[in-house]
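Trainee: Note that this note's numbering numbers the sequence shown so that position 79 is 79, with each residue one more than the last.
Mixed in with the good hints there might be a few duds.
Listed next, the in silico SDA-like pairs over lysine to any residue satisfying Cα-Cα at most 20 Å (straight line) [said to hold, decoys possible]:
#1 Lys70 / Leu60
#2 Lys70 / Thr143
#3 Lys96 / Lys21
#4 Lys149 / Gln35
#5 Lys21 / Val72
#6 Lys21 / Gly82
#7 Lys21 / Ser61
#8 Lys70 / Gly82
Pair by pair, the computed Cβ-Cβ distance ranges are [stated by the list, open to error]:
#9 Trp145 / Gly43: 28 to 36 Å
#10 His69 / Lys96: 35 to 43 Å
#11 Ser158 / Phe87: 18 to 26 Å
#12 Gly43 / Thr143: 26 to 34 Å
#13 Val62 / Ile180: 17 to 25 Å
#14 Trp145 / Ile88: 31 to 39 Å
#15 Ser179 / Phe58: 39 to 47 Å
#16 Leu47 / Thr143: 34 to 42 Å
#17 His69 / Ser41: 19 to 27 Å
If you are wondering where the hints come from, they were derived from the structure by calculation, not from laboratory data.
Since the model is a prediction, treat every value here as computed from it, not as a measurement.
Virtual Cβ for every residue (Gly too), placed ideally from N, Cα, C.
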Amino acid sequence: MNHHLDAAKVSAYFSKFRQPKVLLSTLGFQVVWWQLLLNVSHGRVALGCLLTLLYVGFHLSVTARPRWHKEVIFIFLFAFLGWCGDFILNILTIQKFPHSLGTPFWLFCLWLNYMTSIYYSMAQVFFHRGLTLFLGFIFGPWTYWACEKIGIIEFPHSALLAGVIQGVVWMTWMWIYRSILKKPFFN
1 MNHHLDAAKV
11 SAYFSKFRQP
21 KVLLSTLGFQ
31 VVWWQLLLNV
41 SHGRVALGCL
51 LTLLYVGFHL
61 SVTARPRWHK
71 EVIFIFLFAF
81 LGWCGDFILN
91 ILTIQKFPHS
101 LGTPFWLFCL
111 WLNYMTSIYY
121 SMAQVFFHRG
131 LTLFLGFIFG
141 PWTYWACEKI
151 GIIEFPHSAL
161 LAGVIQGVVW
171 MTWMWIYRSI
181 LKKPFFN
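Build the full structure now, drawing on both the sequences and the hints.
Mentor: Structure, rendered in C-alpha coordinates:
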(Lines of atoms letter the chains of each structure in order from A; the text may use other names.)
(Lines give C-alpha, C1' and ligand atoms only; values in the text may rest on other atoms or scores of the structure.)
Protein backbone atom coordinates (compact mmCIF):
# COMPACT_ATOMS: atom_id res chain seq x y z
CA MET A 1 0.00 0.00 0.00
CA ASN A 2 1.53 3.31 -1.10
CA HIS A 3 1.09 6.15 1.42
CA HIS A 4 3.14 8.75 -0.41
CA LEU A 5 1.62 11.90 -1.78
CA ASP A 6 1.47 11.84 -5.54
CA ALA A 7 0.46 14.46 -8.09
CA ALA A 8 -2.91 12.82 -8.83
CA LYS A 9 -3.93 12.80 -5.17
CA VAL A 10 -2.81 16.39 -4.66
CA SER A 11 -4.68 17.48 -7.79
CA ALA A 12 -7.80 15.61 -6.65
CA TYR A 13 -7.48 17.26 -3.24
CA PHE A 14 -7.46 20.79 -4.65
CA SER A 15 -10.17 20.03 -7.22
CA LYS A 16 -12.57 19.22 -4.34
CA PHE A 17 -12.42 22.86 -3.27
CA ARG A 18 -14.27 23.83 -6.45
CA GLN A 19 -17.35 21.99 -5.21
CA PRO A 20 -19.83 24.47 -3.67
CA LYS A 21 -20.39 22.47 -0.46
CA VAL A 22 -16.65 22.09 0.17
CA LEU A 23 -16.03 25.76 -0.57
CA LEU A 24 -18.91 26.77 1.73
CA SER A 25 -17.54 24.53 4.47
CA THR A 26 -13.99 25.84 4.13
CA LEU A 27 -14.85 29.52 4.03
CA GLY A 28 -17.75 29.24 6.47
CA PHE A 29 -15.61 27.47 9.04
CA GLN A 30 -12.89 30.15 8.91
CA VAL A 31 -15.26 33.13 9.01
CA VAL A 32 -17.38 31.69 11.83
CA TRP A 33 -14.33 30.55 13.82
CA TRP A 34 -12.77 34.02 13.75
CA GLN A 35 -16.01 35.88 14.42
CA LEU A 36 -16.64 33.70 17.48
CA LEU A 37 -13.15 34.18 18.89
CA LEU A 38 -13.18 37.93 18.25
CA ASN A 39 -16.67 38.35 19.70
CA VAL A 40 -15.66 36.37 22.81
CA SER A 41 -12.47 38.41 23.21
CA HIS A 42 -14.54 41.63 23.07
CA GLY A 43 -17.09 40.42 25.62
CA ARG A 44 -19.82 39.65 23.08
CA VAL A 45 -20.06 35.96 23.88
CA ALA A 46 -23.81 35.66 23.25
CA LEU A 47 -23.51 37.26 19.80
CA GLY A 48 -20.60 35.02 18.83
CA CYS A 49 -22.45 31.89 19.98
CA LEU A 50 -25.67 32.94 18.25
CA LEU A 51 -23.90 33.57 14.92
CA THR A 52 -22.12 30.22 15.24
CA LEU A 53 -25.34 28.34 15.95
CA LEU A 54 -27.03 30.08 13.02
CA TYR A 55 -24.15 29.04 10.75
CA VAL A 56 -24.33 25.42 11.95
CA GLY A 57 -28.05 25.38 11.15
CA PHE A 58 -27.40 27.01 7.76
CA HIS A 59 -24.61 24.55 7.01
CA LEU A 60 -26.83 21.59 7.81
CA SER A 61 -29.67 22.94 5.68
CA VAL A 62 -27.42 23.59 2.68
CA THR A 63 -25.39 20.40 2.87
CA ALA A 64 -28.25 18.11 3.84
CA ARG A 65 -28.09 14.74 2.19
CA PRO A 66 -30.37 11.73 2.42
CA ARG A 67 -28.81 10.79 5.76
CA TRP A 68 -28.54 14.28 7.22
CA HIS A 69 -29.69 13.02 10.63
CA LYS A 70 -26.44 11.02 10.92
CA GLU A 71 -24.47 14.17 10.22
CA VAL A 72 -26.38 16.05 12.93
CA ILE A 73 -25.62 13.26 15.41
CA PHE A 74 -21.96 13.21 14.33
CA ILE A 75 -21.57 16.99 14.65
CA PHE A 76 -23.22 17.26 18.07
CA LEU A 77 -21.69 14.08 19.50
CA PHE A 78 -18.14 14.94 18.53
CA ALA A 79 -18.56 18.59 19.49
CA PHE A 80 -19.62 17.40 22.93
CA LEU A 81 -16.69 14.96 23.12
CA GLY A 82 -14.29 17.72 22.05
CA TRP A 83 -15.73 20.02 24.69
CA CYS A 84 -15.30 17.22 27.26
CA GLY A 85 -11.65 16.90 26.23
CA ASP A 86 -11.20 20.62 26.86
CA PHE A 87 -13.07 20.23 30.15
CA ILE A 88 -10.54 17.57 31.22
CA LEU A 89 -7.57 19.74 30.14
CA ASN A 90 -9.13 22.57 32.15
CA ILE A 91 -9.54 20.36 35.24
CA LEU A 92 -5.90 19.25 34.87
CA THR A 93 -4.92 22.96 34.63
CA ILE A 94 -3.25 22.44 31.25
CA GLN A 95 -5.40 25.35 30.08
CA LYS A 96 -7.89 27.68 31.70
CA PHE A 97 -10.42 30.25 30.60
CA PRO A 98 -9.83 33.52 32.45
CA HIS A 99 -13.28 35.01 31.85
CA SER A 100 -15.32 31.87 32.53
CA LEU A 101 -16.07 29.59 35.40
CA GLY A 102 -15.12 26.18 34.10
CA THR A 103 -15.17 25.29 30.42
CA PRO A 104 -17.33 27.84 28.57
CA PHE A 105 -20.27 27.24 26.25
CA TRP A 106 -18.59 29.27 23.51
CA LEU A 107 -15.99 26.50 23.30
CA PHE A 108 -18.78 24.00 22.58
CA CYS A 109 -19.93 26.34 19.81
CA LEU A 110 -16.38 26.40 18.46
CA TRP A 111 -16.39 22.61 18.39
CA LEU A 112 -19.76 22.59 16.61
CA ASN A 113 -18.32 24.87 13.95
CA TYR A 114 -15.24 22.68 13.57
CA MET A 115 -17.32 19.54 13.22
CA THR A 116 -19.23 21.05 10.27
CA SER A 117 -15.96 21.01 8.34
CA ILE A 118 -15.03 17.37 8.96
CA TYR A 119 -17.01 15.74 6.18
CA TYR A 120 -16.45 18.47 3.61
CA SER A 121 -13.26 20.52 3.69
CA MET A 122 -11.38 18.49 6.30
CA ALA A 123 -12.21 15.14 4.71
CA GLN A 124 -9.75 16.01 1.95
CA VAL A 125 -6.92 15.99 4.51
CA PHE A 126 -7.56 12.40 5.54
CA PHE A 127 -6.33 10.78 2.32
CA HIS A 128 -2.85 10.42 3.82
CA ARG A 129 -2.27 8.97 7.30
CA GLY A 130 0.95 10.88 7.98
CA LEU A 131 -0.56 14.17 6.88
CA THR A 132 -3.54 13.56 9.14
CA LEU A 133 -1.33 13.05 12.20
CA PHE A 134 1.00 15.92 11.33
CA LEU A 135 -1.84 18.40 10.84
CA GLY A 136 -3.48 17.30 14.09
CA PHE A 137 -0.24 17.77 16.01
CA ILE A 138 0.49 21.20 14.52
CA PHE A 139 -2.87 22.88 13.92
CA GLY A 140 -4.68 21.61 17.02
CA PRO A 141 -2.34 23.46 19.41
CA TRP A 142 -2.13 26.40 17.04
CA THR A 143 -5.83 27.12 17.53
CA TYR A 144 -5.35 27.24 21.30
CA TRP A 145 -2.29 29.47 20.99
CA ALA A 146 -4.34 31.84 18.80
CA CYS A 147 -6.93 31.92 21.58
CA GLU A 148 -4.19 32.74 24.08
CA LYS A 149 -2.96 35.63 21.94
CA ILE A 150 -6.38 37.27 22.05
CA GLY A 151 -6.76 36.65 25.79
CA ILE A 152 -9.54 34.06 26.01
CA ILE A 153 -7.42 31.11 27.15
CA GLU A 154 -4.38 30.83 29.40
CA PHE A 155 -1.74 28.16 29.96
CA PRO A 156 -0.98 28.21 33.70
CA HIS A 157 2.18 26.12 33.47
CA SER A 158 3.72 26.34 30.02
CA ALA A 159 2.43 27.04 26.53
CA LEU A 160 4.92 24.49 25.17
CA LEU A 161 3.73 21.76 27.56
CA ALA A 162 0.11 22.59 26.74
CA GLY A 163 0.94 22.54 23.03
CA VAL A 164 2.53 19.10 23.17
CA ILE A 165 -0.38 17.66 25.17
CA GLN A 166 -2.92 19.28 22.87
CA GLY A 167 -0.94 18.06 19.85
CA VAL A 168 -1.19 14.46 21.05
CA VAL A 169 -4.89 14.89 21.82
CA TRP A 170 -5.52 16.39 18.38
CA MET A 171 -3.53 13.67 16.62
CA THR A 172 -5.83 11.19 18.35
CA TRP A 173 -8.95 13.15 17.33
CA MET A 174 -7.78 13.37 13.73
CA TRP A 175 -7.10 9.64 13.69
CA ILE A 176 -10.59 8.94 15.00
CA TYR A 177 -12.16 11.25 12.40
CA ARG A 178 -10.11 9.58 9.65
CA SER A 179 -11.24 6.15 10.82
CA ILE A 180 -14.90 7.19 10.92
CA LEU A 181 -14.80 8.81 7.50
CA LYS A 182 -13.41 5.61 5.99
CA LYS A 183 -16.55 3.78 7.16
CA PRO A 184 -19.86 3.97 5.32
CA PHE A 185 -21.29 6.19 8.08
CA PHE A 186 -21.98 9.10 5.74
CA ASN A 187 -22.89 7.14 2.61
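Trainee: Is Lys70 within 20 Å of Leu60, Cα to Cα?
Mentor: 11 Å, holds
Trainee: Please work out if Lys70 and Thr143 have their alpha carbons no farther apart than 20 Å.
Mentor: 27 Å, violated
Trainee: Would you check the hint for Lys21 and Gly82, treating anything up to 20 Å between C-alpha atoms as holding?
Mentor: This hinted pair is violated, its Cα atoms lying about 24 Å apart.
Trainee: Between Trp145 and Gly43, is the Cβ distance one that fits in 28 to 36 Å?
Mentor: 21 Å, violated
Trainee: For the pair supplied as a hint, Lys149 and Gln35, confirm whether the alpha-carbon distance does not exceed 20 Å.
Mentor: 15 Å, holds
Trainee: With 19 to 27 Å as the target window, see if His69 and Ser41 comply at their CB atoms.
Mentor: The hint (19 to 27 Å, Cβ to Cβ) is violated, given that His69 and Ser41 are roughly 35 Å apart.
Trainee: Quick check: does the Cβ-Cβ distance between Leu47 and Thr143 fall within 34 to 42 Å?
Mentor: Taking Cβ atoms as reference, Leu47 and Thr143 lie about 20 Å apart, which means the hint is violated.
Trainee: Take the C-beta atom of Ser158 and the C-beta atom of Phe87, compute their distance, and say whether it sits inside 18 to 26 Å.
Mentor: 20 Å, holds
Trainee: Between Ser179 and Phe58, does the beta-carbon spacing fit 39 to 47 Å?
Mentor: Because 28 Å falls outside the window, the suggested range is violated.
Trainee: Lys21 and Ser61 were given as a pair; does the straight-line alpha-carbon distance stay at or below 20 Å?
Mentor: 11 Å, holds
Trainee: Take a look at whether the Cβ-Cβ distance between Val62 and Ile180 falls inside 17 to 25 Å.
Mentor: Given about 22 Å between the Cβ atoms, the range holds.
Trainee: Has the given pair, Lys21 with Val72, been kept, meaning a C-alpha gap of at most 20 Å?
Mentor: 16 Å, holds
Comparing the model with each earlier hint shows violations of hints 2, 3, 6, 9, 12, 14, 15, 16, 17; every other hint is respected.
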